[in-house]
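So the chains spell out like this:
2 protein chains.
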Amino acid sequence: MLTLFHHPMNAASRFVRLAFGEYGEELELIEEKPWARRKEFLALNPAGTLPVLLAEGDVPIVGANVIAEYVDETRGVLKRDKRLFAEDSIGRAEIRRLCDWYLVKTESEVTRHLVRERVFKPHMPSSQGGGSPDSAAIRAARANIKQHLKYTNWLAGTRDWLAGTRMSYADLAAAGTLSILDYLGEIDWAENGAARDWYSRIKSRPAFRPLLNDRVRGLSPAAHYANLDF
Amino acid sequence: MLTLFHHPMNAASRFVRLAFGEYGEELELIEEKPWARRKEFLALNPAGTLPVLLAEGDVPIVGANVIAEYVDETRGVLKRDKRLFAEDSIGRAEIRRLCDWYLVKTESEVTRHLVRERVFKPHMPSSQGGGSPDSAAIRAARANIKQHLKYTNWLAGTRDWLAGTRMSYADLAAAGTLSILDYLGEIDWAENGAARDWYSRIKSRPAFRPLLNDRVRGLSPAAHYANLDF
Chain W
1 MLTLFHHPMN AASRFVRLAF GEYGEELELI EEKPWARRKE FLALNPAGTL
51 PVLLAEGDVP IVGANVIAEY VDETRGVLKR DKRLFAEDSI GRAEIRRLCD
101 WYLVKTESEV TRHLVRERVF KPHMPSSQGG GSPDSAAIRA ARANIKQHLK
151 YTNWLAGTRD WLAGTRMSYA DLAAAGTLSI LDYLGEIDWA ENGAARDWYS
201 RIKSRPAFRP LLNDRVRGLS PAAHYANLDF
Chain Z
1 MLTLFHHPMN AASRFVRLAF GEYGEELELI EEKPWARRKE FLALNPAGTL
51 PVLLAEGDVP IVGANVIAEY VDETRGVLKR DKRLFAEDSI GRAEIRRLCD
101 WYLVKTESEV TRHLVRERVF KPHMPSSQGG GSPDSAAIRA ARANIKQHLK
151 YTNWLAGTRD WLAGTRMSYA DLAAAGTLSI LDYLGEIDWA ENGAARDWYS
201 RIKSRPAFRP LLNDRVRGLS PAAHYANLDF
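Same order as they appear, the protein sequences are chains W and Z. According to UniProt numbering, the first sequence holds residues 1 to 230 in order. According to UniProt numbering, the second sequence holds residues 1 to 230 in order.
Result set (DSS-like, lysine-lysine): computed pairs, CA atoms no more than 27 Å apart in a straight line:
no.: 1; chain 1: W; residue 1: K39; chain 2: Z; residue 2: K150
no.: 2; chain 1: Z; residue 1: K39; chain 2: W; residue 2: K146
no.: 3; chain 1: Z; residue 1: K150; chain 2: W; residue 2: K33
no.: 4; chain 1: Z; residue 1: K33; chain 2: W; residue 2: K146
Worth flagging that the hints you see were computed from the coordinates, not collected in a lab.
Based on the sequences and whatever the hints tell you, model everything.
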């Protein structure tokens with residue numbers, strides 16, 4: 001069994017867990033506090049970022065998009081119509097664009113700030129940046145959520161799945177991200193019906209179940225978080 | 001001929017130009033001001049980020065890592081020992097990790113801030129964020145440069161090329177980034193001899209020449225910028 005260094009409130013880690021889940025492969029999970037900069041973890045990934053996969057032979061594979069490509073090359077290409085990547089270059093480029101959208105753009109404009117201020121800071125020692133939440137950062141992130149939901153709603157309303165006719169990495173990257181914002185009660189689903197229908201389909205998949213059981217200390221999820229009929 | 005929307009002071013754009021240059025393929029270049037959010041450009045890439053390649057059939061391929069994968073799939077795989085990617089999955093994962101290091105981590109900790117404050121702001125209307133440079137942002141970015149140079153120096157001192165025995169995308173991503181910092185006179189080469197030797201090898205390549213001719217209005221490059229014997 002391969003090992004994944006992850007955090008339940010890290011969107012990129014959730015994306016990787018969903019990908020392995022869809023391929024029916026279990027992972028040994030090691031929870032890593034991303035702010036702690038643990039020495040043994042920095043030896044695996046000097047950038048200190050999550051997720052890191054220990055692949056065959058305990059070789060560290062660093063970063064969600066790098067892991068996704070590795071998983072496709074070593075597993076996905078054999079999955080035929082269950083492959084989470086397109087068969088053609090242009091289709092793969094669209095999937096990669098959307099993975100970057102959620103794991104880089106949404107992350108840097110929304111997710112990272114809300115998770116840091118609302119989830120991490122209360123557990124961080126002040127020497128590592130802990131303290132009271134920065135309400136201006138929370139306000140800015142909340143203002144940015146709207147355009148990301150609107151874009152997701154547009155994609156979900158004009159395509160079968162976010163990147164085209166088949167479920168792909170793009171859906172898992174989006175779902176990994178939105179599921180964290182949903183845990184935090186930050187999503188207005190009523191305003192975004194197509195996104196909601198799409199999320200409901202993803203949420204019902206067996207691979208999603210472990211994510212719905214994730215809990216973080218001191219912060220309960222929104223009431224509808226684990227509800228398949230939300 | 002394919003078209004690339006780029007900016008001469010955007011590291012990710014330089015990386016893509018180097019990759020096409022190494023494969024001996026000319027690009028039509030269209031300079032895009034990343035802060036302008038031009039409507040026609042947003043239609044190609046709603047994220048508004050650079051670079052964007054118009055591939056065969058004018059399909060937009062968005063983002064440096066997405067373009068790099070596309071170029072490898074459509075060109076690189078045929079290049080044998082000139083391929084800028086490894087032949088095996090673990091080798092490709094290491095190249096991708098280093099591309100992310102320079103184009104995501106160095107970008108967000110160093111390059112983006114120095115370019116915004118020193119290059120873009122004087123040309124930006126105040127309605128789009130222009131104004132006088134933020135000296136605290138410049139100071140923070142300069143403090144961060146050191147560890148990125150030190151890491152590059154370590155890689156260059158322990159391997160033939162940054163990701164292993166062959167020149168790869170990793171070298172081009174690093175060179176695209178460092179060449180911008182070098183234009184701005186921000187690099188202390190004397191302290192980083194192995195990185196300097198590596199950069200000197202990259203800088204002498206024919207694919208690098210167009211970058212050495214890049215100039216931005218109102219800001220001359222450091223005296224040694226285009227000097228192959230710096």
